[in-house]
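Chemist: With the hints as your guide, set chain B onto chain A.
Which chain is which? The protein sequence lines are A and B, in order. All letters in the first sequence, in the order written, are residues 1 to 376 by my numbering. All letters in the second sequence, in the order written, are residues 377 to 920 by my numbering.
Wrong hints could be hidden among the right ones.
As the list claims (entries may be wrong) - Between beta-carbon pairs, the in silico distance windows are: (1) B:E549 <-> A:H350: 25 to 33 Å; (2) B:H554 <-> A:R96: 55 to 63 Å; (3) B:T691 <-> A:D300: 57 to 65 Å; (4) B:G555 <-> A:D266: 48 to 56 Å; (5) A:A342 <-> B:H554: 45 to 53 Å.
As the list claims (entries may be wrong) - The list that follows gives simulated cross-link-like pairs (lysine-lysine, DSSO-like), each with its CA atoms no further than 30 Å apart: (6) A:K84 <-> A:K95; (7) A:K95 <-> A:K170; (8) A:K170 <-> A:K310; (9) A:K170 <-> A:K78; (10) A:K49 <-> A:K80; (11) B:K444 <-> B:K484; (12) B:K486 <-> B:K382; (13) B:K475 <-> B:K403; (14) B:K884 <-> A:K311; (15) B:K484 <-> B:K391; (16) B:K475 <-> A:K311; (17) A:K310 <-> B:K484; (18) B:K401 <-> A:K128; (19) A:K311 <-> A:K170; (20) B:K513 <-> A:K310.
Simulated from the structure, these hints should not be mistaken for laboratory data. Note that the Cβ used here is the ideal one computed from N, Cα and C, for glycine as well.
Next come the chains, spelled out residue by residue.
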Amino acid sequence: MCRLIAITSDTPVSPMVALNALDVMREGHDGSGVGLFLRDLGGPWEDMKDAPILSGIFTEAGIRRLDNYMIDLGFLTKYKVSIKAPKVPPAGVPKRDLYLIRAYEYPEEWDGLTDFDRLSRLVNIRLKLQEMGREENDMIVFSFWPDTIMIKEIGDPMTVGRYLELGNEKLNARVVMAQGRQNTNYAINLYACHPFFLQGFSTMTNGENTAFVPIREYLMSRGEPGYTGFFSDSEVFVHILHYAQTHLGLDLASYKHIITPLQDADLESHPNGDFLTHLKRTCRKLIIDGPNCVIGVLPDNTMFMTQDRKKLRPGVVGGKPGMYVFSSEVCGLDYIMPDRDARTDFQPMHLDTAIVRPDRLEVNICRQTQRLSHLH
Amino acid sequence: MSTDTKIIPSSLAIKDLPWQIAWDKDKCTLCGRCTAVCPVNAIELGVFRKRVVEVDINAPRQPGNVFKTFNGIRQRTAPAYSCVGCAMCNMVCPNDCIKPMASDEADKLKFHLNQGGQAERRGGRRNDPGGVLDRIKFIRISMLTDPALDAGRHEFEMRTLLGRIYPPEQNMEMLRTHGWIPPVREIYPLIIGGMSFGALSPTMWEGLQMGVAYLNEELGMPVRICTGEGGCPPRLLRSRFLRYVILQIASGYFGWDEIIHAIPEMQVDPCAIEIKYGQGAKPGDGGLLMWHKVNKLIAAIRGVPDGVSLPSPPTHQTQYSIEESVAKMIQSMYMAWGFRVPVYPKISGSSTALAVLNNLTRNPYAAGLAIDGEDGGTGAAYNVSMNHMGHPIASSLRDCYQNLVSLGQQNEIPLFAGGGVGKNGNLAANAAALIMLGASGVQIGKSLMQSAAGCLGSETRRCNICNIGRCPKGITSQDPRLYRRLDPDDVAQRVVDVFVSFDTEFRKIVAPLGRSTTLPIGMSDALGIDDKDIAERLKIKYVV
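For reference, chain A alone in the conformation it holds in the complex (with noise of 0.2 Å):
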């Protein structure tokens, strides 16, 4: 089972604090794989936040071909954080060349987009550069989002994060999200690392979505070109959130009622029954299944944690004003912040969504059998 750990705060923290956690809680993840995301980002980034930011990995020759793509398109390097990897890897670390973080200025020629046209071109930008990189196996893009920087490596993640220096006060962020991985059913592959990323959606699981090919096979063919990847079962996760939010207009609680429905008993009590059913039944092709505590994070930097149906999975959130954490294992919470108030911490049950806003000043939970609060 993946580690987890998820951590929104009002002042930027370095992912170094998420690694240790995971380090905390080794003892579930077998070092096949760390990804992280940062968002809200502190330090240098925070005069650049509409900057769109490319994180990957890449070869020398790798590296020549982005950049003779990108000023084709017109894209300038506005900041980079480049960081060349000692000559011999840990053991378990593939060797690779750079790993690069580089924010670009937007081409001219873009000046008149609308915000929707710039980003879906981001995501387009995005899918070819991970296409370029498969073809001739020179580069691996992660992101490539204004205000997010992704990091994914196998390995150990404490090993990977001493390796890298990811405790340079370049890194830091008011958002962090890292998974520690247990590889179960699919290949060890860099893709296949959480957390996911989708236009500005990003979430990370430690479960098994048994219900991942027919999902997969819906998503496909919902004509969105970002809806594409499916390196791991959990994939699927964030781009179901992307769908409820873009497609369907729905809050997060709404979330919740896609993954895994209310029985007819309870939708036959509930305040919204007549809609939730609507829902079930439009949306049962996006119907989770298996055991999975999905953390996740939208947009305007809301994080959340929600839980399969049967609750298989462990999960808790604890902070206070100003900073909470998403862990999977209650010793990676204390960890980070072993003087908070540990009876407010909150483990969500199988009907809950824990959610705390931008604003970071409480955890809000909404049960599945709570009135929705508006419906679109």
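Modeler: Structure of chain B alone, referenced to chain A:
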């Protein structure tokens, strides 16, 4: 046979028949029950002459021949009276001294079942015991990657939807604007397929209906039953139990006068309307109720004179194109119930099924598509249709599902698969395989007749005389002397047994696969088969 009997081309010996009666003289009590029960009069009382060599110990004379006679059972060999292997003789024999034995080689009878130019007609099923469904294995067991689910303890939601499902965006738009959203039924994924009142005896029909009512009202399992084409008894039409019934309309429109007239008096809506365009057992051929079975009651319900054969036309006479049937028939059936009842077509498995499906995808009223594979059963059909016409269900269904996937409409038009499901007694495994290949639900018929009523028919040419109304178990007979053998309460009890045990077995399949929150429709990654070509065709894993 006596020495001067004329041999004609159709003179057969017992050895030439598919079934040979083994009779034990020593155990026979000559009670006559076997000859009385035989549905085709294949056996009769025989008087046999026998030479016995007798030796007198006191030897006043030479040993000599003595001719004696004895009574016993004689098997008839005329094609019209050949044994069908039902083994009722064996069932009624007090001393277990008689039983039919399958011939050890291909019989000669089948060359002669066309006397007077009448091609062989029979009931039952395709005479082929094999099938792909039994070979499919469930290979994706969540064991360590996932806590195994407990089929007996955990919550399982194993219902399916019958009805047109709009895409989420469109459905929401309709909710917002108070537009029409197609009616949808949440039902149990194992459906009792269309077997008509007429094809089945009154006791069998009553037993099925009672079983279904019990499952719904006492056990909370929303099981549905289709009427087949033969109308529906008037009292059922006016009862609350109609909600468990799918009314079928087919090319003969039998019984629909009664149904239409009952609409104003209906307390509840029926579950759905099935428009039968085809049937797996005899694709391209219409329904057939032979005159033997058309008694006064059947004639009254169907609105026809009694004692005449009732063939339905091979096609709906009012239709000249697929657009006609899809657009007009579906819509007029919707209209009859005020657009509150789902209407869907049923076709036979066919390489043209995709064309039908593609047409339905563009019709917002089509509530689903039922596909009946070549192994589907029938009460009466030409043998050639049954044995040689039709398409196996597995690839027909799979193609249709894959087609929906490519259109992004999977589960929006639910597919229901039937035809040979559970034909070798593996009901839950067959049903689960079809669901994971893409079916939203599964229709059964013969399997239930075997398990719930003790039907003796088999894919190896046993019995299968449903067409002539002589069913020895009283399942497909309209003769009170025969159908009295079947107690409707017993049938109902067995129907409940079958569904309850199916439910357990089904959970025993899906729980290890890690599925419980929703029916695993299209979960093809769970399936494997030990044949590369089949695996490739069905897009499942090849495992050895």
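Chemist: Hints first: check each against the structure and report whether it holds.
Modeler: So, going through the hints one by one against the coordinates:
1. B:E549 <-> A:H350: 25 to 33 Å: holds (31 Å)
2. B:H554 <-> A:R96: 55 to 63 Å: This hint holds: roughly 58 Å between Cβ atoms.
3. B:T691 <-> A:D300: 57 to 65 Å: Given range 57 to 65 Å: holds, Cβ gap about 59 Å.
4. B:G555 <-> A:D266: 48 to 56 Å: violated (27 Å)
5. A:A342 <-> B:H554: 45 to 53 Å: Taking Cβ atoms as reference, A342 of chain A and H554 of chain B lie about 50 Å apart, which means the hint holds.
6. A:K84 <-> A:K95: holds (11 Å)
7. A:K95 <-> A:K170: holds (23 Å)
8. A:K170 <-> A:K310: violated (41 Å)
9. A:K170 <-> A:K78: The hint holds at about 15 Å.
10. A:K49 <-> A:K80: holds (14 Å)
11. B:K444 <-> B:K484: Not satisfied, since the Cα-Cα distance of roughly 33 Å exceeds 30 Å.
12. B:K486 <-> B:K382: It holds: about 21 Å lies between the C-alpha atoms, which stays within 30 Å.
13. B:K475 <-> B:K403: OK: K475 of chain B and K403 of chain B at ~12 Å, within 30 Å.
14. B:K884 <-> A:K311: Within the cut-off at roughly 21 Å; holds.
15. B:K484 <-> B:K391: holds (9 Å)
16. B:K475 <-> A:K311: Roughly 58 Å separates the two Cα atoms, so the pair is violated.
17. A:K310 <-> B:K484: violated (61 Å)
18. B:K401 <-> A:K128: violated (86 Å)
19. A:K311 <-> A:K170: violated (38 Å)
20. B:K513 <-> A:K310: Measuring from Cα to Cα gives roughly 27 Å; hence the hint holds.
Hint violations for this structure: numbers 4, 8, 11, 16, 17, 18, 19, all remaining hints satisfied.
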